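We have chain A already, so just place chain B on it with the hints.
Next come the chains, spelled out residue by residue.
2 protein chains.
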Amino acid sequence: MTYQAPIKDMLLALNHGAGLKAAVEAGHYGDFDADLTAAVLEEAGKFASDVLAPLNRVGDQNGIKLQDGKVTTAPGWPDAYKRWTEGGWNAVSGPESFGGQGLPLAINAACTEIWSASNVAFGLCPLLTLSAIEALDAHGSDELKKIYLGKLVSGEWTGTMQLTEPQAGSDVGALRTRAERAPDGTYRLKGAKIFITYGDHDMTDNIVHFVLARLPDAPAGTKGISLFLVPKFLVNADGSLGARNDIYPSGVEHKLGMHASPTCTMTMGDHGGAIGYLIGEENQGMRCMFTMMNQARLGVGLEGVGIADRAYQQALGYAQERRQGRAVGKSADSGSDPIIVHPDIKRTLMQMRSLTAAARTICYATAVALDVAARATDAKVRSEAAARGALLTPIAKAFSTDVGNEVAYLGVQVHGGMGFIEETGAAQHYRDARITPIYEGTNGIQAIDLVTRKLAANGGAAVWALLDELGETIKQVEGSNDPAFGGTGQKLHDALASLTRTSRWLLERVTSAPNDALAGATPYLRLFGATVGGCYLASEALAARSGSFGEPQRYVALARFFAENIAVQAPSLEKSVTDGAEMVNGADAVLLG
Amino acid sequence: MTYQAPIKDMLLALNHGAGLKAAVEAGHYGDFDADLTAAVLEEAGKFASDVLAPLNRVGDQNGIKLQDGKVTTAPGWPDAYKRWTEGGWNAVSGPESFGGQGLPLAINAACTEIWSASNVAFGLCPLLTLSAIEALDAHGSDELKKIYLGKLVSGEWTGTMQLTEPQAGSDVGALRTRAERAPDGTYRLKGAKIFITYGDHDMTDNIVHFVLARLPDAPAGTKGISLFLVPKFLVNADGSLGARNDIYPSGVEHKLGMHASPTCTMTMGDHGGAIGYLIGEENQGMRCMFTMMNQARLGVGLEGVGIADRAYQQALGYAQERRQGRAVGKSADSGSDPIIVHPDIKRTLMQMRSLTAAARTICYATAVALDVAARATDAKVRSEAAARGALLTPIAKAFSTDVGNEVAYLGVQVHGGMGFIEETGAAQHYRDARITPIYEGTNGIQAIDLVTRKLAANGGAAVWALLDELGETIKQVEGSNDPAFGGTGQKLHDALASLTRTSRWLLERVTSAPNDALAGATPYLRLFGATVGGCYLASEALAARSGSFGEPQRYVALARFFAENIAVQAPSLEKSVTDGAEMVNGADAVLLG
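Chains as they are written, first to last, in the numbering used here: chain A, 1070 to 1662; chain B, 1070 to 1662.
Accuracy of the hints is not assured; some may be wrong.
Said to hold, decoys possible - Here are the computed distance ranges between Cβ atoms for each label pair:
| # | chain 1 | residue 1 | chain 2 | residue 2 | range |
| --- | --- | --- | --- | --- | --- |
| 1 | A | 1100 | B | 1397 | 44 to 52 Å |
| 2 | B | 1111 | A | 1400 | 50 to 58 Å |
| 3 | A | 1400 | B | 1530 | 27 to 35 Å |
| 4 | A | 1406 | B | 1130 | 38 to 46 Å |
Hints were generated in silico from the structure; no laboratory data involved. None of the values given here were measured: they were computed from a predicted structure. Backbone N, C-alpha and C define an ideal beta-carbon position, used for all residues, glycine too.
With the rest of the complex left out, here is chain A:
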């Protein structure tokens, strides 16, 4: 049940697969000292193993309680949160002008994986605070920043994102919470929100809610949504806490997993209206929300990676301890072997590890792109990196959370009957993972975003640029003439060809036959993830081979396994997209007949 951050794999993924080293060397990270990376991750890993991991099961078993309008978290959680902020972990990537360490998103991404692996229900709280920081920093007034931003960066206060209402889930534009202008320039909010993560808790004195609401004269749909900052306690001029604001948790959900993370129904307006402060401009809330969402989507992808790695570590440990049967060729009267000797168990563990590694690098590459988009001095470099980050975000979110669920599933399977028993913890990973393909935009919505926005932008420019790079990696694999790669080059070559053809096919239809394009969105995203992930693992293997990192055999084998078992699915996925639209769109004959 312990967790050890896989620092070596993470550094290889960051520096070589995701391109952090090259970007630093190209000067896109300014004076960032890349040698810091390992030290930060080592420390983060230590904090996670020592403080967060031991509370993971405690949180699952105790859950949270709502009583008298207050949420109480599990035993040990407020103290762990205190140590979290004291250690400066909340401030890793926060803006330096407000007390943050200003470290790259890429470093924070690796940290997010570590928090999620050790205790995903805990890590979710700062993840949302981070989104809030991003939105406030980008769109808030100087006055609001002065009062709230420093406290959010340090973690003294936490943030929430309040979008969802019963009739407005994926369709945010359908929300009804009302905000009325008050004479003093503030607003009064009335309405109810559901599924609000850490909507209330006992870990901090104050909570800063970021609430989407609609002005009385707002246009219908997404064009009439505004974003408001609504503190749990109002803040006096001297920074001390004032009156309790009219926003209360009125219910908590009974969930499949993430038991330690309170999921609240929030009610505003039972006592005259919650006081809110506008962020950005009126009716521009969707723009601000997307700032929050993009950060959060990458964060959720990293939750998938983290849970996957935790499940893998646990399954690997179990497979080395649990003895059943004997290796092929051993006599029946020799003692039984650990189950890791069985080829089917080896396959399962390799699948878990290679999927996790691929998802990890996709997430890190997304973070590097977002970093370069924010930090590079050259405008063209920035804009291309922004397009890359936008393209990779839905893949990072959806592919990685699918992987988190697949790997947690396999982790239960390796445990056999013990996997179904809650005591082992394998089942908790499986339950906790299940929300990740749903929240921050379901994976179906990520796939639709990939096809209709990210692929379609600029005639697919961001896609073609990425595929060109992948082609270079494949050439290097083939050029290495290393027999240890086996058929890796050929398999990735085939995958890239499938991805290229499928991208073209979709691009031709996204406007002219949108339902045909939409019908293939989900297999297209998987095809994209499998191809990009396979090429990233290959580039890590090449780096390991080149002597700069070591352990070439290990990383070549991992890349090859992925190519032979995951990337190899590309041609089938291509066919599902390009041949499947008619039956998908004709489904009513089956479903409703």
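This is chain B only, laid out in the frame that chain A set:
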């Protein structure tokens, strides 16, 4: 949350996909009146909807209790069980000489699907009784049969299967429970068993345990195992209940799902030893156990089908009610549409339905083969059918339970955030399904059984015979020249070619390079399921087209979707098997490096 047995789909699958009609017409079912089928299923569906389905959530929420050595089931369960036996449902396929109705296994298979769909935790109890009946009928003495068989057939008493011990899970041969010969010809059992389903409960007066144990002078491993009948209460000569036997539930597991089904640790021998009666001969317990296991494996496959269908029905209902967003082309100010208008949701539902339908027919076809093996008059027909049943059993178990989990996963996804909330019930299906790929032999073990025993038997004779039949179906699809089939024929043709090549590849290695064969077992089983399932759905579509059944459009579309999205994975799976062995068997460099 209601469940409606899909009688029409089930009849098509039974009669046409699984070949019941042809087998009846060929005389293999003796005087069985095939018209009975629909009537039995209608009644079973009614009982399931009225009595069992409403208790599914009650059972999940209340679970079971162990107190003072006695297990209490959830409210309403004992009464439901009483109605179950009164309705004669326990006796559907039991031997007529002991009060059973002697209906074909195929009919019982359809019923098992219905029980599992409506309430899988309930259905598990009679499923195990059925295995016990099978073992006792095949291997028990006349005296034991006289006392116990009738009560088990009627369901007045239930049965358990007691194999597992902490050190002996998949490796049954490692069990240590001891049985000592008593002077009166009975035995005294001492030891502990774990994971015993319905090891104790309050639904019947007595429970008949079937316990594997080892005699003091028994050889090591599986050759030294004997099977014993150990009643909870001894039975007097007049059939009345006598003394409490020394077998007690000493603990119950806290599980991920199946909360209503008690999973007990059973302790024997705290009061001198449990009295047991030998079934079959000493040291022949494995043979008797396989009799129980085969029946149970098909039953577990049907649990996968049942849970899948329940999850599908619930997701379909939700998708028709839940409104979010609008269909492509509708103006933003028109009201929102049910989410079933979105192509990605249509794809998800089609995937759920087509996977469920394919798994259903594979299970039914297994049952038909086992029926013919038991009932046909011609010895060659019987022996070929037995080989077919043996071949299909691991596929029925593993493919169908994988499908059960995939479909339950997708069912949660269709519900969005509501899927993660326990109140909707989608999460319960997901949790309950998770045990099915584990118990009665993990799916990895099924895959190994498929490769090393079922494929390898008689040079692959059973496989070649089945593949020939599938080839005939494909020819008919291609010969139909029906454009509605689209690329179905070609995709199935490619899948069959992959399956044929892969079977040959494995057959060449199963003895000479067993680790290479074992490394590909799991993808091979999936390849097998995807190909067979695709062809079965195509044969159902052909039957529907031929006018004997109706609704051709619906079933052709379903078969085509499966071919285009599931069977199409065959060439990728082939490559995983034939190219992947080196990396699987070289995995230690990655996993342990």
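Hint check:
For residue 1100 of chain A and residue 1397 of chain B, the hinted distance range of 44 to 52 Å is satisfied, since their beta carbons lie about 49 Å from each other. Checked against the given bound of 50 to 58 Å, the beta carbons of residue 1111 of chain B and residue 1400 of chain A, roughly 56 Å apart, stay inside it. Between residue 1400 of chain A and residue 1530 of chain B the beta carbon distance is about 30 Å. The supplied range of 27 to 35 Å therefore holds. Range check, residue 1406 of chain A to residue 1130 of chain B: Cβ separation about 42 Å, and the 38 to 46 Å hint holds.
Taken one by one, the earlier hints all hold for this structure without exception.
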